[in-house]
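Assemble the dimeric complex from its two separately framed chains, guided by the hints.
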Amino acid sequence: MPRTALFTLLLCFLLGFGACDSGSGMADEPPEDDPIIDPPPAEEPGFKRADMLANMGNNIIVPSYIAFQEEIDALHAAGEAFKNRQDETTLNGLREALKEARMAWQDVALFQFGPAETFALRGSLNTYPANTDRIEANIASGSYVLGTIENIAAGGFPALAYLLHGNGETVEELIALFTTDGSAASRMVYLEDNLNFVQESVDLVVNRWLPTDGNYLTTFLSEDKGGVDVGSSLGEVVNALVLHYERFIRDGKIGIPAGVRSSGVPRPKATEAFYGGYSSELAVRSVEALERFYKGISLSGEDDVGLEENLEFLEADMLASDIATAMEGVIGSLMALPDPLSAQIESNSDEVVTVFTEMQQLVVLLKADMTSFLGVTITFQDNDGD
Amino acid sequence: MNIHFSIHKFAPLIALLLILTGCDSTDDDPQPSAIGGTETVEGGRGTDVTVSVSLRSEVGIQSLSVSVNGGSAEALPVTPGNVNQAVDYPFSIPPDATVGTSYPIVFTMVDQDNVSTDFNAQVVVGTLIDPPSTYSFTREEASTVSYSGQNDRLDQLEEIKAYLKLTEAGESVSEQVLLDMFVNTGGNGGGSFPFTSDRQLKDKTFAPDLDVRLFEDLFARAEVASLAGSMGTQAENGTAGLIAREDKGSNILVDENGREFTELIEKGLMGAVFYNQIYNTYLTDTRIGDTVENVTLSEGKNYTAMEHHMDEAFGYWNSPVDFSSEWPTERASEDRFWSHYSNVVDNVRDGELGTNSIIMDAFIAARTAIVNNDPVERDAQVDVLYENLDLVAAAVAIHYINDTLGFLSEGKTGEAFHVLSEAWAFANALRYSPRRILSLAEIEEIMESDFGADSNFWNANAIGLNKAKATLVTAYPALASVQDDL
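Which chain is which? The protein sequence lines are E and W, in order. In short: position in the first sequence from 1, add 2, done, that's the working numbering. In short: position in the second sequence from 1, add 1195, done, that's the working numbering.
These aren't lab readings, by the way, just hints derived from the structure by calculation. Only a predicted model underlies this, so the values are computations on that prediction, with no experimental measurement involved. A couple of the hints might just be wrong.
[To be verified] Listed next, the in silico DSS-like pairs over lysine-lysine satisfying Cα-Cα at most 25 Å (straight line):
hint, chain 1, residue 1, chain 2, residue 2
1, E, Lys227, E, Lys85
2, E, Lys227, E, Lys297
3, W, Lys1399, W, Lys1360
4, E, Lys271, W, Lys1399
5, W, Lys1443, E, Lys369
6, W, Lys1443, W, Lys1360
[As the list claims (entries may be wrong)] Output of the computed footprint for chain E on chain W, the stretches with three or more beta carbons under 8 Å from beta carbons of chain E:
hint, region
7, 1364-1372
8, 1606-1612
[Claimed, not checked] With beta-carbon atoms standing in for the labels, derived distance ranges:
hint, chain 1, residue 1, chain 2, residue 2, range
9, E, Asp75, W, Ile1632, 40 to 50 Å
10, E, Glu304, W, Ile1632, 31 to 41 Å
11, W, Pro1672, E, Thr214, 20 to 30 Å
12, W, Pro1672, E, Asp75, 32 to 42 Å
13, E, Asp75, W, Pro1403, 46 to 56 Å
14, E, Ser374, W, Lys1356, 32 to 42 Å
No residue lacks a Cβ here, since even glycine has one placed at the ideal position from N, Cα and C.
Only chain W is shown next, with the shape it has when bound in the complex (with noise of 0.2 Å):
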């Protein structure tokens, strides 16, 4: 890209410079030798700008020499003798040049007085873009966004959901099926995904959750809780199996301990998958830090790696690309696993929360810092997604822990173990933060011991719940004010 900066509105003001100092030039003496010019030049890395400086000698001019960042002077043509000459000096500014740096560029003019003067120039490197109204961004006019393989994993945790609440017609799941689609076995989930893609949740789980299995188990447990739903068996204290939804007329399958396989698996994976992988690789150094490619498009790419990795951690939010507050009912639909639920706290409150806004304007200020190679504020917008992404897990959290003690004091059990389901799965999520502001002790206590004692939810109570609740909210200040009406 050639972006010429050109200093042209300054120039009538050095021609006034000029014109003033030559006309005291009735005096006797000749005025000393003068250049001038802008002393600043900004411009986006990559690009070209020109510096021009105006040249006046009365003695005429003999040479002129510039040299950059203290380097070693180079000359610069200009015709010996004249006395005014104004020459254009063109720099180009490194592609790898991080917004803010100056490259201090010093001209020196010698007069046939052999006399020497100075002027003292810089250029400074700016922005290329300013932040778009939505995550859209183009190179040569064509757009260097992708995030295919996020949508991939999204589709296919869709379909594991899917899968799953059959249990809840009464019909059986199987365990290798369930693996079968985390693992994408043969590229359609092993036959499941009514699409192909080369993609996988399993291999992006959260490392300390598959050395406990933490899925893989609980794929074991719904088969064999779901062949027991489907021979009508009802689910008690410590017993797996249906209880009825009162509100909604359906069943939900649980475990021996009230827990809802559809909820821990689904809105687990959105945990251990997808904000794992924003919070552990994508927004992490090893993606997006200063060593990281910023300058050479990937191979039969049009993005730099460091772009597209940002990308793929706005693809694992995957909100529409101009989401925003107050999102209007209309285009619910549009809105999926992270940025719905964030969306579910957005307006709380008039709005008090507005973490679509907020999420949505950080992500576009991050990848735009980086198409203007501006590590400053691409960290600065990297810390307000690793705040407000965990926001939104605890913010839901409680909006499941108050639905949990709205069914409880309707006395509605499968009801209850629905949402407290989801709460527990959203407590979860605090855990895949390497900047957690809760201990993992502290999560645990809220998942296995405050939502019912012995990691029960049978064993759950309002105290427990209100404690979690106090917890949360001690944690995230942010959500004092909004705590009862989430």
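Next up, chain E with everything else stripped away, as it sits in the complex (with noise of 0.2 Å):
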């Protein structure tokens, strides 16, 4: 065999086969005692960590984020335009806003590690089933912080989605509790002051990624935390959305309500969205965000490289195909749950917990099989003990 035949063959072999195809005369002659010691993994040519990074941070975290940040500017206008007039068409307006800024919500949703988890995020704006006794006693106390642990369930989306659309109230009824009831005035600075702390909380977070403020895309990309180590980005971006699916996806929108953590009895006020009546939207806009990222989809739709290609350039192509496989299962399965939920919930709880099963299959893909390809530790505890 001639040498340049047998260089070719041992490259190949190296590459993975599918790198290069034979024939395609790789090289001259080599030269002599040319060193093709292993090169590290992520300096082959097709994959390289920092590209996966570049593309998550770049086109995917810092666009989401961006794109989250513009909702809820638009919905502290649309709470402009109904403390300035409060009839149906300003309520409607507010109330989709609310609903725009919710799905937004789900495409960063997994990204709470960094600036999201130093100012825990996730608690300031989406602790629910919303406390609305608290809720009630705030307006008629007018006294209280938002942030608070105290006031960790009387703010956020599922607080102004009680505001909203009330618990059974017509439109006129709950125009009127803005009106003409007797805490109409304060009321209304309740959710005035809540619209303020949504966007002072998603401000603070938002642009602690940006340049202007923390930079925190810089630290993000760093060669610091390029590694897979305890601490790097990519050992944070997947504790991230591995405890993002499993206990807020799986457990939060679907299990929890449907009874599973209180001996199969359902709790359809549990349901993210029970005011507004969308928490399987939303729970469908979660899994396709986790789907999105997974695949490194830009916002913008652009495919590029992500922890699929990752998985498949360490040779896990099944593993790959099987995550991917999984997760459009899941969307299906979500899809075929009608709004309301709660509603689903109360009249056929088991359809749910079939779909909280199924969904359990994609928490072993991602958290055991993927992260150990990756050679990702996952930190988070599992329900810890002292």
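This is the structure we're talking about:
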């Protein structure tokens, strides 16, 4: 066998066969003693972890946060309109803006690490079910600080939804609560305070990603955090998304309302959008966001390097496609759950429990299999002891 | 102990020197008389060493005398008229000699021409032992280490914690029972201890805490709250009662400000007794300073008072004697209280803090220095202990602040109160070091304001928690790189 062919074969072997086809005449005569020592996998052509992180940070995470911030601004503007004129149009505009904001939240909710973790963004924005007693008590007293532990379920999206959709009131009755009711003025103040609180919380976190404030994007992409060890960007992002899927999508959006953590007794009020009635839609959106991130698809729809490509590069093609298939399956199952999800849970929670069970497979694929191929350690704890 | 230091390895050199001198004797002039030997002999305190000297005088040796430390000369036996003579001079290093002390010894030989020649040697006090690999020290092959009193107090705190945890099942606890355990009434905690002991926690508690009845008030309030909890009262802002830990599934009993009694008392006493005793008693000059007995053994014991005091400090740390960094998980149950919490932060970011080994090595080296009577080394290691024990408390406080932020992020109030109560107690432990880095006012700001305005955990939020974390990281720069990993 001529030397060149031998070398080409060896190179093909090193590159995992797929990277070059034989006969392409890879090289001229290789230099004597050409040291083909194992280069680190990440430096192989076709995949670089740094490219993946750059795609995640530049094209998915930051644009998603900015888009979310824009929806929050729109929500705030709709709030101003309602404050200026309370009628069905402005109320519906505000309700619609709230829904859009909550949908956009699903696109960033999986990125609860770094600045979001520092400021406990998820807890501020989306602790549900809303504590309606606390909300009414706050409105009555006019004395409260949003963002404290006491008010953790009395602020953010669920509280806004309670204020704007009410609990069975007609549109007229609801508008009256903001106009003619004895505590209408303080209710309006509470709504405003909440809208401001949401905007401030989001700005605090989003700005930290930008060069004008904390420039966390630079930290995220720094060489220092480019590995797979604990504290690396990949480690953080994988931990965040696995935690998000397991505890906040599977358990929070589906399992807990279906009663899987309450001895089978359903808790329809514990659905994410109990007052708005679009919990299933939010759940679908959350898994779609997860899927896009997994595949490396940017907010504008361009498919680039993601975890899927990372797994394929590590020759875990089977796992890579199993995860994609499982995600599609979960999205399909969630789409089949009609809104309002709370009604579905009340009428037949078994179907919802079935979906919860189906969702478990993806937990295993992500949490055990994917992390082991990637070499990432899961650092968040399952329900820990003392 | 009689360790005989001899200098035989130098003998051939001396012989060679003498032979070479002797070879020159073909010269007609007699060589001047000479005296030589080993200039420096080292030995540990309380040991006997030998200073060997060689005399040579062609005209004949007449006499030899020695003067130690500039004292009066003492005659040493020689055979008058000898040309060569070797003399071994025994020297007993005083048992209270400190490492590094030097005893100058001047030998004066007079030859038969009445010419005198001096040789200057010295005995330097060295070490008796090198630091052992574990916290184990012996004398006459028997252990000299004892800290049974500390073990007793740790056991007592375990019992107090176990009793307080009854509240989680909706049972009530009694103030009197807690007080009896605190003062160890009747040697068995008023019947609550499954063991007997003549030690108690209260008389070792930080005096200013006793002055304000910090723990006694918690006992009293725990009784009231637990009675409410036993009747199903749920905790609210302003109301003490039970609150569910969302992950664990069990309840905890909190006061009207959301503070968990079990954590405040248990971890509070870890600071107020264990750290307080290490910091303000056993590592102080009163217990291990230069005036403390370190020669004569305590009556009926195999240790000196100073040795024992260091052991008592170690007893409050209470790790396994071979404790180290990267402590194996299968031995996780062997560390207790403070050493347990060191292990919580020891290995973050691949062992960047490494407090297990740093503290362990310092305890061993300090105790070794006491055996050797090496006050400089002892004090250097005590500095390491003050710095790193305090660092553990700060690191664990940040660890629990991070946990609290995590639970805030998940909207879990009960879990957040549980870990914030721990953070409170570890921040509280920063008060006890006489070398504290943060002022008492800064520590109070963390505990009573950053952890929720008006000393109320219900008012806690991410901003305040991050402020507390930043205060700690600024004060303890070693924690900056690991602050988000703790």
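How the hints compare with the structure:
| no. | hint | verdict |
| --- | --- | --- |
| 1 | E/Lys227 with E/Lys85 | violated, 46 Å |
| 2 | E/Lys227 with E/Lys297 | holds, 21 Å |
| 3 | W/Lys1399 with W/Lys1360 | holds, 23 Å |
| 4 | E/Lys271 with W/Lys1399 | violated, 52 Å |
| 5 | W/Lys1443 with E/Lys369 | holds, 21 Å |
| 6 | W/Lys1443 with W/Lys1360 | holds, 14 Å |
| 7 | 1364-1372 | violated (count 0) |
| 8 | 1606-1612 | holds (count 4) |
| 9 | E/Asp75 with W/Ile1632: 40 to 50 Å | holds, 43 Å |
| 10 | E/Glu304 with W/Ile1632: 31 to 41 Å | violated, 51 Å |
| 11 | W/Pro1672 with E/Thr214: 20 to 30 Å | holds, 27 Å |
| 12 | W/Pro1672 with E/Asp75: 32 to 42 Å | holds, 39 Å |
| 13 | E/Asp75 with W/Pro1403: 46 to 56 Å | holds, 52 Å |
| 14 | E/Ser374 with W/Lys1356: 32 to 42 Å | holds, 38 Å |
Taken one by one, the earlier hints fail for this structure at numbers 1, 4, 7 and 10, listed in ascending order.
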